[in-house]
Amino acid sequence: DLLDLSRFDAGAATLELDPVDLASVAKAAAADEVLTRAGIVGRARGVGVPAVVDADIRRVDRMVRSLIVNAARYSQSSRVEVIVAQAPDRVSLAVRDHGVGMEPEEVRRVFDRFWRGDPARSQGGTGLGLAIAREDAALHGGTLEVWSRKGQGTEFILTLPRVAGERVWSPVTRSVFA
Numbered sequence: 028d029l030l031d032l033s034r035f036d037a038g039a040a041t042l043e044l045d046p047v048d049l050a051s052v053a054k055a056a057a058a059d060e061v062l063t064r065a066g067i068v069g070r071a072r073g074v075g076v077p078a079v080v081d082a083d084i085r086r087v088d089r090m091v092r093s094l095i096v097n098a099a100r101y102s103q104s105s106r107v108e109v110i111v112a113q114a115p116d117r118v119s120l121a122v123r124d125h126g127v128g129m130e131p132e133e134v135r136r137v138f139d140r141f142w143r144g145d146p147a148r149s150q151g152g153t154g155l156g157l158a159i160a161r162e163d164a165a166l167h168g169g170t171l172e173v174w175s176r177k178g179q180g181t182e183f184i185l186t187l188p189r190v191a192g193e194r195v196w197s198p199v200t201r202s203v204f205a
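Going letter by letter, the sequence shown gives residues 28 to 205 in my numbering.
Hints should not be assumed to be uniformly reliable.
[Claimed, not checked] Taking lysine to aspartate or glutamate pairs in the DMTMM-like style, the calculated list, with each CA pair at most 25 Å apart, reads:
(1) 54 with 108
(2) 54 with 132
(3) 177 with 116
[What the hints assert, rightly or not] Computed Cβ-Cβ distance ranges for the label pairs, DEER-style:
(4) 179 with 136: 17 to 23 Å
(5) 135 with 38: 22 to 28 Å
(6) 46 with 177: 36 to 42 Å
(7) 43 with 177: 29 to 35 Å
(8) 117 with 176: 21 to 27 Å
(9) 42 with 177: 34 to 40 Å
(10) 106 with 38: 19 to 25 Å
(11) 178 with 114: 18 to 24 Å
(12) 132 with 58: 32 to 38 Å
No lab work stands behind these hints, which were simulated from the structure alone.
Since we're looking at a predicted model, the values are computed, not measured.
Backbone N, C-alpha and C fix where the C-beta goes; we use that ideal spot for every residue, glycine too.
Input sequences plus hints: build the corresponding full structure.
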């Protein structure tokens, strides 16, 4: 993690781009054994179409898993929603938990390196996962945003540019994993 951060800081981070189906990555991450043991159910609730982006599979997998594991850690229920949505120029992945949510000051700091919210201080982790995920998103030309309200849960939205020239089946299609 620290090596990746130093590469981001030095402008030396690189991508190995290939077509990556974000929906497949999300489905695999949601069904991960670690999440199953944590009581988080990861199964498809909708039929989706491929959501292909030009991306570095290692970095995309790390981003998606970081978001899902983070949501599972703070969810007060066994339900974490993972939604993939498409538009002609981009693909978005939203990860939503139904946990404790965050105060506005926590939302402002959630992507800061080594920062962890109050409930997180009693759990494992370095406070780097979300910072690295945001850097990975930016490296791809994408964004990672957060919405949260205390007592109502949190939603992270990863948006990446899609493969240039790929046919889009509809303006927005969704695959939902819960």
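Notebook entry, point to check: Do the alpha carbons of residue 54 and residue 132 lie within 25 Å of each other, as the hint requires?
Noted result: violated (32 Å)
Note to self: Please check whether residue 46 and residue 177 have a Cβ separation lying inside 36 to 42 Å.
What the structure shows: About 40 Å separates the Cβ atoms of residue 46 and residue 177, which means 36 to 42 Å holds.
Checklist line | residue 135 versus residue 38 beta-carbon gap, inside 22 to 28 Å or not | finding: holds (25 Å)
Next item on the list: Evaluate the given range 19 to 25 Å for the C-beta pair formed by residue 106 and residue 38.
Entry: Given range 19 to 25 Å: violated, Cβ gap about 40 Å.
Notebook entry, point to check: In this structure, is the beta-carbon distance linking residue 179 and residue 136 contained in 17 to 23 Å?
Noted result: The hint (17 to 23 Å, Cβ to Cβ) holds, given that residue 179 and residue 136 are roughly 19 Å apart.
Notebook entry, point to check: Holds or violated: are the alpha carbons of residue 177 and residue 116 at most 25 Å from each other?
Noted result: Violated, at roughly 33 Å.
Next item on the list: Quickly compare the C-alpha distance for residue 54 and residue 108 to 25 Å and report which way the hint goes.
Entry: Between residue 54 and residue 108 the Cα gap is close to 11 Å, so the pair holds against 25 Å.
Notebook entry, point to check: Given a hinted range of 18 to 24 Å, is it respected by the beta-carbon distance of residue 178 and residue 114?
Noted result: Check failed, 31 Å falls outside 18 to 24 Å.
Checklist line | Assessment of proposed distance window 29 to 35 Å (beta carbons of residue 43, residue 177) | finding: violated (40 Å)
Margin query: Is 21 to 27 Å respected by the C-beta to C-beta distance linking residue 117 and residue 176?
Written below: holds (25 Å)
Note to self: Taking the Cβ atom of residue 42 and the Cβ atom of residue 177, is their distance within the range 34 to 40 Å?
What the structure shows: Given a distance of about 36 Å, which is inside 34 to 40 Å, the answer is holds.
Checklist line | residue 132 versus residue 58 beta-carbon gap, inside 32 to 38 Å or not | finding: With a Cβ separation near 35 Å, residue 132 and residue 58 satisfy 32 to 38 Å, so the hint holds.
Consistency note: the structure conflicts with the earlier hints numbered 2, 3, 7, 10 and 11.
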